[in-house]
Amino acid sequence: MTHPGLPLLWATIIWIFMLALALWALFSKANLNQAAKHVVLANLRPIRPLAKYMAEHQWPLQLLKIITVMFFLLVIYSGLEGTQIPQRNIATVLTWNLWWAGLIISVFFLGSAWCAICPWDTLASWIIRPKLWLKNKINNSLELTPPRWMRNVLPALLMFTGLTWLELGVGVTTSPYATALLSLLMVVLATLFLAIYRNRAFCHYICPVGRTIGFYAQLAPVELRPVDASKCAECTSLECFNGTATVDACPTQLVMGRLQQNTYCTSCGNCLQSCPEQNVFWRLRPQSTEAMYGARPHWDEAWFMLALLALTSFHGITMMEFWESWISQLARKIGDSGQLLMSFSVGLVISMLLPALIYMLSVYIFQRASGTREKFGRLFTGLVFISLPLAFSYHLAHNLNHMIRESVGASQLFYNPLGIDAKPVDASETILREYHMLISQDVLFVIQALLMMAGFWIAIRVLKHRAYKLVPDARWSLLSMIAFIMGVNGFNVWMLTQPMIMRVGALCVAPAG
Amino acid sequence: MMQKIIVINSIATEKNSNRIFSLAILLTVMLLISSQALAHHVLGRPAYSLNEDSNTPPSMEVETQIGDYYITYMVFPAFPKPGESGRINVYASRIDNGDSFDGKITFLVRNNGWFEDKNEEVIGTQEMYDGVFRQGFLFKEKGSYIITAKFESGGEPYTIDFPLQIGESSSMGPVGISLAVIVIALIVVNIIQRKRIMREKIRNTRDEME
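These protein sequence lines map, in sequence, to chains A and E. Residues in the first sequence are numbered from 1 upward in steps of one, following our numbering. Residues in the second sequence are numbered from 1001 upward in steps of one, following our numbering.
Next up, chain A with everything else stripped away, as it sits in the complex:
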């Protein structure tokens, strides 16, 4: 069973929009002095009482944590004990159709809020530093400093690639049992890291979900920041960093006064509660602000962002019908058998390297064409932020398709989460689900098209701002970078127009077409 792709009309509209915007980008100059506007949520009259209450009390967050942990334990129990029919077991549906797809959508509205209620870290904390309300008294952690080689996002990148391999290559998404095993593994890892290292080394350096959310959160409309930056500049006690007698220190060791990007913020709200001046609060901002000005370039982060771009497109590629015949042909050439994991792995590596190489070539051409004396490395890390909106918009559009079409009837699973005596989904039920989508197909297409256009628009804005800052007279030399953005977005739009194989529903044996 496949999902119908975006109609050609919409693809044409997006392409025309992209061409027009590309021309505008070439002929107009960037306004580097543009200041981003922020709105402190606590100052918004209608939601002020609620925002203040949520900030001052811990119980709402603790309650949410308990709820997510309960769902998480249900996933493990159902996965291990329930039916192995993936569409009938809540473990696979809740994990892959609802959570995994919905998580990215949540970043669009709430940034890294998921990290604050993540059950992996919550369970690990309950085991290693048990507490419910106040600062923990018991500490089963060795509190070692993570080794230097670990203190970057490359371990998280490796984990993210591994997760993609398990998801799409091994097919964890189609196995409730494997889903439960993966869930258990993540809790064990989070617990071990918390038992060995200080703060939240797992969240900071290892967690593939947390880092993915973190990078995408650069494009979120919310941020946790100082209300008055001058107060932070004068602060010497740094309660946000060190914690207080009742509130834990920042789990990822961020100093609020110097915070420029959401990447490592887990939205736990410790800083908000520990600040004696009550100078930290949630703010609203334009979604492009951080990728344009705030975020600082780093080598490891640049590779993570490129990998994010590559892996999101790779997700789409593996759900295209041509992917299977490619892998099959490759398997025959290299003598691969069975689940064709070797061929899949080769495909994965190529899919990750190709966008990175094209990006490097584009940056190299930009460097040559502009005649700048800036080093290649500086341009590479400085311009890589363009990949974030491209990856995020496609990821959102792709996941929306999964969620809207494949989550129909998911609520029924709560009556029988283990799928006891449930029969597999047959072709007629699969087709019937297509007719009962959460929103109409036309609305879905409109949202997908708008997302792809917004992603392109933000990428162009980020490029102009970052490029002109690095090379003030860039102008025509931007052509190679604009071509890169158009190429990536154009390819992603093309993928959206293709019929897409269902994530869990692919298991149904259905007539072709």
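Among the hints, erroneous ones may be present.
[As the list claims (entries may be wrong)] Result set (EDC-like, lysine to aspartate or glutamate): computed pairs, CA atoms no more than 16 Å apart in a straight line:
| no. | chain 1 | residue 1 | chain 2 | residue 2 |
| --- | --- | --- | --- | --- |
| 1 | E | K1140 | E | E1168 |
| 2 | E | K1081 | E | E1141 |
| 3 | E | K1104 | E | E1152 |
| 4 | A | K333 | E | D1096 |
| 5 | A | K52 | A | E277 |
| 6 | E | K1081 | A | D421 |
| 7 | E | K1150 | E | E1121 |
| 8 | E | K1118 | E | D1161 |
| 9 | E | K1195 | A | E143 |
| 10 | E | K1150 | E | D1161 |
| 11 | E | K1104 | E | E1127 |
| 12 | A | K333 | E | D1068 |
[Unchecked claim] Listed next, with one range per pair, are the computed distances between beta-carbon atoms:
| no. | chain 1 | residue 1 | chain 2 | residue 2 | range |
| --- | --- | --- | --- | --- | --- |
| 13 | A | Y53 | E | E1210 | 49 to 59 Å |
| 14 | A | F376 | E | E1200 | 46 to 56 Å |
| 15 | E | G1113 | A | L158 | 28 to 38 Å |
| 16 | E | L1186 | A | G335 | 44 to 54 Å |
| 17 | A | H298 | E | E1121 | 57 to 67 Å |
| 18 | E | V1181 | A | G409 | 34 to 44 Å |
| 19 | E | P1157 | A | S428 | 33 to 43 Å |
| 20 | A | M150 | E | R1196 | 17 to 27 Å |
| 21 | E | P1157 | A | I365 | 49 to 59 Å |
| 22 | A | Q253 | E | I1197 | 24 to 34 Å |
[As the list claims (entries may be wrong)] Covered stretches of chain A, going by a simulated chain E footprint (3 or more residues, C-beta under 8 Å):
| no. | region |
| --- | --- |
| 23 | 139-147 |
| 24 | 173-180 |
| 25 | 338-344 |
It is worth saying that the hints were derived from the structure and are not from the lab. Every residue, glycine too, gets a C-beta built ideally from N, C-alpha and C.
For chain A, the structure is supplied; the task is to place chain E on it using the hints.
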């Protein structure tokens, strides 16, 4: 192990009574071939489906690629219980021209448990009938088994292993291992912390004495 398994003779010879069933199988194979590209998204992973007659129990099927052949095997019922007879259907077609393999396939079985006897035993050797190799089985005890289908084509040996779960699987293994790892970690951390505290006390005492 042979005591646990009663091999049911191939049902391929019961031509008349199975003609309609064979046609249904053929239709299913045709549908499978036509939708191969879709189902291969989860190559090697089990898929569960209902037959056209939804009163029959669901079946499990797995598609895989080995050498020059696409292999599809189906298990009826999808979740066999101890003492319940079941059947494995294997379809083998060449990737290049779609021709079915027309030799013989030998089916073997072994235990898949960690501490179980790993000796393989032959269940039976089957010939193709209507493009399908059918092998019956009946397990008296629950457990995790590996079924192996072996054949030769073009002088090359082909071996396909696939797991078969009889009865419910135990969830205590993964949960137990996870808990054991966490408990061991907690014990090790506590031992190291006690040593740290002891060392700290000794150092303090030494400092006070000096």
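A quick look at each hint next to the structure:
no. : hint                         : in the structure
1   : E:K1140 / E:E1168            : 13 Å, holds
2   : E:K1081 / E:E1141            : 8 Å, holds
3   : E:K1104 / E:E1152            : 8 Å, holds
4   : A:K333 / E:D1096             : 13 Å, holds
5   : A:K52 / A:E277               : 14 Å, holds
6   : E:K1081 / A:D421             : 13 Å, holds
7   : E:K1150 / E:E1121            : 13 Å, holds
8   : E:K1118 / E:D1161            : 14 Å, holds
9   : E:K1195 / A:E143             : 14 Å, holds
10  : E:K1150 / E:D1161            : 9 Å, holds
11  : E:K1104 / E:E1127            : 5 Å, holds
12  : A:K333 / E:D1068             : 11 Å, holds
13  : A:Y53 / E:E1210: 49 to 59 Å  : 56 Å, holds
14  : A:F376 / E:E1200: 46 to 56 Å : 51 Å, holds
15  : E:G1113 / A:L158: 28 to 38 Å : 32 Å, holds
16  : E:L1186 / A:G335: 44 to 54 Å : 46 Å, holds
17  : A:H298 / E:E1121: 57 to 67 Å : 59 Å, holds
18  : E:V1181 / A:G409: 34 to 44 Å : 37 Å, holds
19  : E:P1157 / A:S428: 33 to 43 Å : 42 Å, holds
20  : A:M150 / E:R1196: 17 to 27 Å : 22 Å, holds
21  : E:P1157 / A:I365: 49 to 59 Å : 52 Å, holds
22  : A:Q253 / E:I1197: 24 to 34 Å : 26 Å, holds
23  : 139-147                      : holds (count 3)
24  : 173-180                      : holds (count 4)
25  : 338-344                      : holds (count 3)
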